[in-house]
Amino acid sequence: MKELKLMKGNEALAEAAIRAGCDAYFGYPITPQSEVLEYLSREANARTGMVVLQAESEIASINMVYGAAGTGKKIMTSSSSPGMSLMQEGISYIACAELPCLLVNVNRGGPGLGTIQPGQGDYFQSVKGGGHGDYKLIVLAPATVQEMSDFVKEGFELAFKYRNPVLILTDGALGQMMEKVELFPQQERKFEELDWAITGKPESRPKNAITSLHLKAEKMEEINIHLQKKYREIEKNEIRYEAIDCDDADYIITAYGLVARICTKAAQLARKKGIKVGVLRPISLFPFPYDVINKYADKVTSILDVEMNAGQMVEDVRLAVNGKVPVEFYGRMGGVVPDPEEILKVLEEKLVGVAV
Amino acid sequence: MKELKLMKGNEALAEAAIRAGCDAYFGYPITPQSEVLEYLSREANARTGMVVLQAESEIASINMVYGAAGTGKKIMTSSSSPGMSLMQEGISYIACAELPCLLVNVNRGGPGLGTIQPGQGDYFQSVKGGGHGDYKLIVLAPATVQEMSDFVKEGFELAFKYRNPVLILTDGALGQMMEKVELFPQQERKFEELDWAITGKPESRPKNAITSLHLKAEKMEEINIHLQKKYREIEKNEIRYEAIDCDDADYIITAYGLVARICTKAAQLARKKGIKVGVLRPISLFPFPYDVINKYADKVTSILDVEMNAGQMVEDVRLAVNGKVPVEFYGRMGGVVPDPEEILKVLEEKLVGVAV
Amino acid sequence: MAKVKGDIIIDIEKCKGCELCIEACPQDSLERSRQVNNKGYLYIVKVLDNCTGCTNCALVCPEGGITVYRKTETGKKQIAKIDNVTQDMNIEVNE
Amino acid sequence: MAKVKGDIIIDIEKCKGCELCIEACPQDSLERSRQVNNKGYLYIVKVLDNCTGCTNCALVCPEGGITVYRKTETGKKQIAKIDNVTQDMNIEVNE
Amino acid sequence: MTEEIIIAGFGGQGVLSMGMILCYSGMIENKEVSWMPSYGPEMRGGTANCMAIISDTKISSPIISKYDTVIALNQPSVDKFEKAVKPGGFLLYEANNVIHPPTRTDIEIIGIDATKEAAKMKNTKIMNMIMLGGFLKKKPIIEMKNILEGLKQVLPERYHHLIPLNEQALKRGMEMVEEASLVS
Amino acid sequence: MTEEIIIAGFGGQGVLSMGMILCYSGMIENKEVSWMPSYGPEMRGGTANCMAIISDTKISSPIISKYDTVIALNQPSVDKFEKAVKPGGFLLYEANNVIHPPTRTDIEIIGIDATKEAAKMKNTKIMNMIMLGGFLKKKPIIEMKNILEGLKQVLPERYHHLIPLNEQALKRGMEMVEEASLVS
Amino acid sequence: MNERALIDDEHYEHTLRAEHTEIIDRENIVYEKPGTLIDIDMHYCPGCGHGVVHRLIAEVIDEMEIQSEVIGVAPVGCSVLAYNYLNIDMSEAAHGRASAAATGIKRVMPEKYVFSYQGDGDLAAIGTGETIHTCNRGENILFLFINNGIYGMTGGQMAPTTLEGMKSTTSPFGRDVATMGAPLKITELIAQLPGTYYVTRQSVHTANNVRKAKKAIRKGFEYQKLNKGTCFIEIVSNCPSNWKMTPIESNHWLNDNMLPFYPLGDIKVPKNGGK
Amino acid sequence: MNERALIDDEHYEHTLRAEHTEIIDRENIVYEKPGTLIDIDMHYCPGCGHGVVHRLIAEVIDEMEIQSEVIGVAPVGCSVLAYNYLNIDMSEAAHGRASAAATGIKRVMPEKYVFSYQGDGDLAAIGTGETIHTCNRGENILFLFINNGIYGMTGGQMAPTTLEGMKSTTSPFGRDVATMGAPLKITELIAQLPGTYYVTRQSVHTANNVRKAKKAIRKGFEYQKLNKGTCFIEIVSNCPSNWKMTPIESNHWLNDNMLPFYPLGDIKVPKNGGK
Ligand SMILES: Cc1ncc(C[n+]2csc(CCOP(=O)(O)OP(=O)(O)O)c2C)c(N)n1
Ligand SMILES: Cc1ncc(C[n+]2csc(CCOP(=O)(O)OP(=O)(O)O)c2C)c(N)n1
Ligand code: SF4
Ligand code: SF4
Ligand code: SF4
Ligand code: SF4
Ligand code: SF4
Ligand code: SF4
Ligand SMILES: [Mg+2]
Ligand SMILES: [Mg+2]
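Chains as they are written, first to last, in the working numbering: chain H, 1 to 356; chain R, 357 to 712; chain B, 713 to 807; chain Z, 808 to 902; chain V, 903 to 1086; chain D, 1087 to 1270; chain U, 1271 to 1545; chain E, 1546 to 1820.
These are computed hints drawn from the structure, not numbers from a lab.
The structure presented is a predicted model; accordingly, all values stated were derived computationally and were not measured.
Only true hints are included.
Distance condition first, Cα-Cα at most 30 Å in a straight line; then the derived DSS-like pairs of lysine-lysine:
no., chain 1, residue 1, chain 2, residue 2
1, Z, Lys846, H, Lys216
2, H, Lys299, R, Lys655
3, H, Lys276, H, Lys299
4, H, Lys350, R, Lys592
5, R, Lys563, U, Lys1498
6, R, Lys361, D, Lys1152
7, U, Lys1437, V, Lys1027
8, D, Lys1238, E, Lys1712
9, H, Lys345, R, Lys572
10, V, Lys1040, H, Lys272
11, R, Lys629, D, Lys1172
12, H, Lys5, H, Lys153
13, V, Lys1054, U, Lys1437
14, B, Lys751, R, Lys572
15, H, Lys350, V, Lys988
16, V, Lys1022, U, Lys1514
17, H, Lys345, R, Lys592
18, D, Lys1166, D, Lys1257
19, V, Lys985, B, Lys751
20, H, Lys2, V, Lys1047
21, H, Lys207, H, Lys230
22, R, Lys563, U, Lys1495
23, H, Lys350, R, Lys651
24, H, Lys190, E, Lys1770
25, V, Lys960, H, Lys345
26, Z, Lys846, D, Lys1211
27, V, Lys1047, V, Lys1073
Required output: the full structure, derived from the provided sequences and hints.
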């Protein structure tokens, strides 16, 4: 039987962590994602024995994740923008040491202390790499509370498939809003010994070491080459996107997360006016659906990218389009959420050239 | 009379800080930049009264910079890759609060703990924004020890001109190598009261507050719009680049920092073989010389971007070229420095199509 | 009758009705009003004329909303304003 | 003549010539050799036969390069290997 | 059917739970629902609102700027959202808290003094349920029995003894809106 | 004139200062110079090397992979850099530390036992200066008086009394290379 | 909340009984809002101790006449907007980093008075390293440490200082020392460092305690003038909203539960009285 | 460095005088390299205490027969490559974050022995917050804290534990307490926290001290088995390279200068002897 519930995005995500058999969560309060820690503090341990620990800081959290993920268990943390910035060193370590784990950024409006209102200003940090060195997180951007739940399960699967940290990049609005969500069934919390993990060295295998250190540049380059190969593999297999009414579209809006839904409404309004607009929503921000967008660029007149920032994903869209058609940008910043009418207006002005 | 010295890049930079009248340096040891703190610990205070403080961490350093820069004095810190990652939250605060200051990243090979050998893997972090939210640092990439010195002075000037943090993005090799440098004369350390700075509120003006907090999204958006305007201004005025033998070139290599010099040597070798190659070296990475590269794209057959990373600035080069000509990439990673012969070979294979 | 006479003025628009002043007043001079102010709070009013000007209410008020006046029979202020920090603890029973 | 007899073997390729063992030996049994090992260090050698097997040299050796042997006149090992941690401090003068 | 609503008032007036009850009960009727709160540094009062969408079809944007219904529980909410009612839409306001009533003529406007009514019922907290009843009178998008079911989900167990009171409040709200409609 | 050199050996043999002295003295002669060390976790020995370029014209790349001269102070350095000498170039090695001498025939190869010589001069630290002298014999790119001037800059003040010894070492190196050239 | 409808008439009359006397006259003022406290509404919840401490800072600044010589730092936490209330130059700071920012300011402006105003989450959790090292260096700054045993601003999560067994949104079954650790007495810790000069624990939950707290704050500023090293004043405070109590209840709870664990009084005092 | 040429012949003969006796026989072994210490060269400078401590850890693991039950964490610092030397599962960690990583491991693997091996720069500077809070939570882990008063790996910068007046590359005129603060006795600080169970300061600069240090390490592991809370062992150690001394000089200097300030011995011991 389907288990339907009305839940906040943050809570659906937390519930999904419990059900996905997550072994431990380490986190630190920050609005607008504190519900994750709060929900887990109430629910998790009693139900599955999952460890939930409020760390003394985000830096401690991410390094607890680093330590615990080294054992091959399912580990997770979440935070919001300033907290994520503090985690960048740890994330770079985790990525380099190839530790599977799940990170969540409930993006708020920045920069600086900013506002707790929703934002998408952390795209660059998440996708290009806010930490030092060449590494990639697998980045999933949910647009519904359902996806807030589903991507937790999927995120853990991808993390272990590729031994790579997965980041769910969402925003304050999606974290705070409620929708119907179909919860997946509780999965057993079971522990599998992984051959690379540090679990106490038995006689039967050589010792394992979790590290990202290689003093010799040549060795460090090998590590990098290995990582890059893995990233190419991920690019080949794991691109996820949603194309809404794109096939007959004259114009396409690109947007991720909740904004994509707002744009979908805008596109519907446009179609009512006879303007054929589709919405292309990248779901995996890394790997980014460059080819998909490039193909659509052959069919449309122009593309409008909409984000809650000053223009970040638009660079990837432009890289995908590679000059084939104009790519316009519309952004709201600092926690302001655009509404469908407003986007429709921009669409008419910038793309269709209809002054309103 | 010219004051010529043979100096390490790190030391030239430290010496330049003293001479530029820097008021305070806060930093934490990390290879390959510890010489900056060490040199200043020896030299600075006795000569100009400059404050030099070894902080307990990079996070403390950047927040000391934040605090001190709020007074309108000339403040500086330096670090290397992992340490810079730790500073990302603070940098986002500084950028948002519009505090002038000078940051230095002597990039090493990453990700993770990596190696102390030189790298350019922090381009994304530096240029796109490793911290949360939409902000920009003015990023200068020296290629000579002379520039390690000169950009300190220039960096402070730009920082105060735009009330914006300036980052000198260099690498371990440039930090460690010695070259001749012409030192600029000692500038007086003088203190100018700035109208926005916190210096103790006199009767004569209203109180000042340094902040990046704006609870209301609309207000926070205004701040962002203001910042974006400033960044457009900087893009208009402050683009710096060096075009070496580009005007008659059939092929262009783009590269920044020390790598650009290695590429110049490769280009010289190529010209000896009759292949007309130029080198375009962006000096300011933000603002990036998009237009310059775009114009050259009209004249050349193809472009090769060379970096000591897995391909970062190449995205900006591609955005600049916008599909006009193919942009190839060659990168070494994890601390490995390419040499001119190797680049020449890549050039012949990838661009000219000559198998060697 | 006390030798010292006190009085207070409450800035009712500042008041958030926390009632800490009521609790702090040794004279029980204060009480919640039945009016709300513009912020929507039931503000505080003086209900008895027995104030000694001990400043307790003002000291505990988080909004800085109470001004205290005080006069001895001789007409001299008992304590200088600047000195309220150092005044004796027994001022409350000083009537 | 001591009732206890000891001896040591030094892994000279491990040795870095720090000389801490020389300093630690109560019998002055050790000295720097005039040879360098493959790492280029002047390694240490036993120069006197008076070793008591006190383990001092081995305990201070950062390279874990010294193995210590020990036998009482009765032929019984004085101390079990596992116990060296708890052995008495006066073992050095135990001859 | 798609009903797009915003409910706005002071923090503490219960605007968030009004929206939640609608969504829970909508869900019981197998409708699509979405609830989007304004959120802020919660501890320090101020205003609060939530958008609720109840629909027979998939909801694209949970964020909208024009509403079928605005429920305003204080003056700032009337001032801010009156203009956001779609032409022909409905604006319900709490009359006790609103000194300057809305004035648009292209929408239906009803004000009821739910505060006074709640005081009469000896529980000021149920003011919001009176308002919700009022809304449901005009827009019977969900059956009463499902509303009560939704209420159960929102109300913590320890308050379930108050459900009859809440039901009464809902009914009272309906009556008041009916009366008000007759008057206007 | 452009001379591209790499000097390699164990950490502690003084390879870095050899390059530095060349650069300082080159600067005195108004030449362009660049010095690029290998650097590593310094405290733990291992190998060290530096590239030095002395030129009459602007130096583009301070990092090169082919050298006019390789000075190798130990076996690993010979093994690693023999192949990096440009055809017709020069390889100078310290014979005491090198059991398998280089074998290329398209370059000039000279080995001298500077270690023994330094021991004879009662200061093992000056081995590097003997090697430097040897190099300068073959490649007199800088005048001796300027080399001594450069030495002064590299040597901390408190060691300046050793300058005569160093000068002697330089000269001895020159002689040794001269002798070796005659032999070969 | 607008509770206009709540009030029944019967209690009304006595509120009119009291009348103002002739002593209402500027010259008789013995207490008024200090000038350095700006005359606007503060955003704090009713009864919150933050407001009282703000006022005390302003009073001391007024009395010492140092308004132009003070620079304050308030990091994120409920008091992050302190710069709106105190009429002095101030800097906001990142969570936990107030003392680093204050160090930066003081080092380049040694002649100014610098204070940091930090919550317990800020100073004793994420900012622990900065707190310890600032105190260890003996920076000449004044710490005002508001210990309300909770993360106020973010809605009531457990703080390092949350009492054993105390419920919060992240210790819903009460703080369990076995898994979450004991409440941290950071003030006692930093008092051990040679860099600290004057360390005291105060509260503002009664008028008498307010008087004492103010004395302590004044001392803190005065010692700073003498370059004595770090002064550190903990104020045990309330958070009625997140403790889920009325302000009066919260002060009683503070008295009965917080104070036994965090006893008031001087922890480290200058040997010679600071002369 | 290859100093082959240095040796003069005259001292050679006596090195031949000693001969091996018949007691060289496996059954007479009273001391040998522990099996858990891998038989390869360590990268440490000659005479560095890190090697000794590594060996002691290995000895205790061997003696307790817990090789398969131990997980170690060594952050960046000279001992970052410890995982190459100890034949157990280990994790490198970011600078300062070893105890957070160890917490993560222990929380999901409570039945394993977990230790962190940290330098003074790591544990007492950048990692101060993690150190304090790990100890305060009473995580069931063992800290091995190598205090050599310097940043070894990065080439000799001042550490929080650098002695007053001691020179380093970043305190070239000696540590000046007035501007850089006093050397930090973090061990005494964390001993105050209720979460710590056994806190002791040891050294490995003489054979006797090595014996005592080993006992302490064994206790640390044994208490962990009993889930007693945090055990914390400081080892005052040397850094001949950065102190610019020979190993022997460095140990004397340690004895004469470090130990008076960092006195050896137990700082906190279980009341009932840990039973
Ligand atoms: C890096 C970072 N992490 C978390 C937060 C969220 N946050 C803001 S204030 C705060 C704690 C507030 O508690 P406290 O310092 O005790 O101050 P109070 O509000 O109780 O006065 C937290 C966790 C943040 N702003 N930045
Ligand atoms: C974030 C970060 N900052 C700085 C460094 C550079 N670093 C590496 S080890 C170290 C300190 C080493 O000192 P200590 O912890 O005392 O260990 P030791 O080498 O003395 O044993 C530093 C500062 C780093 N790796 N990462
Ligand atoms: S001054 Fe004292 S007596 Fe007067 S109202 Fe206030 S507390 Fe009561
Ligand atoms: S203490 Fe102040 S805010 Fe509180 S009730 Fe009294 S006057 Fe009002
Ligand atoms: S075992 Fe004791 S006596 Fe024998 S060599 Fe070693 S230290 Fe000397
Ligand atoms: S202690 Fe060990 S490494 Fe040091 S000299 Fe003796 S045998 Fe060699
Ligand atoms: S949340 Fe607590 S600390 Fe914050 S203002 Fe309200 S009562 Fe004060
Ligand atoms: S640098 Fe110091 S701590 Fe590091 S290995 Fe060498 S002697 Fe040991
Ligand atoms: Mg608090
Ligand atoms: Mg150390």
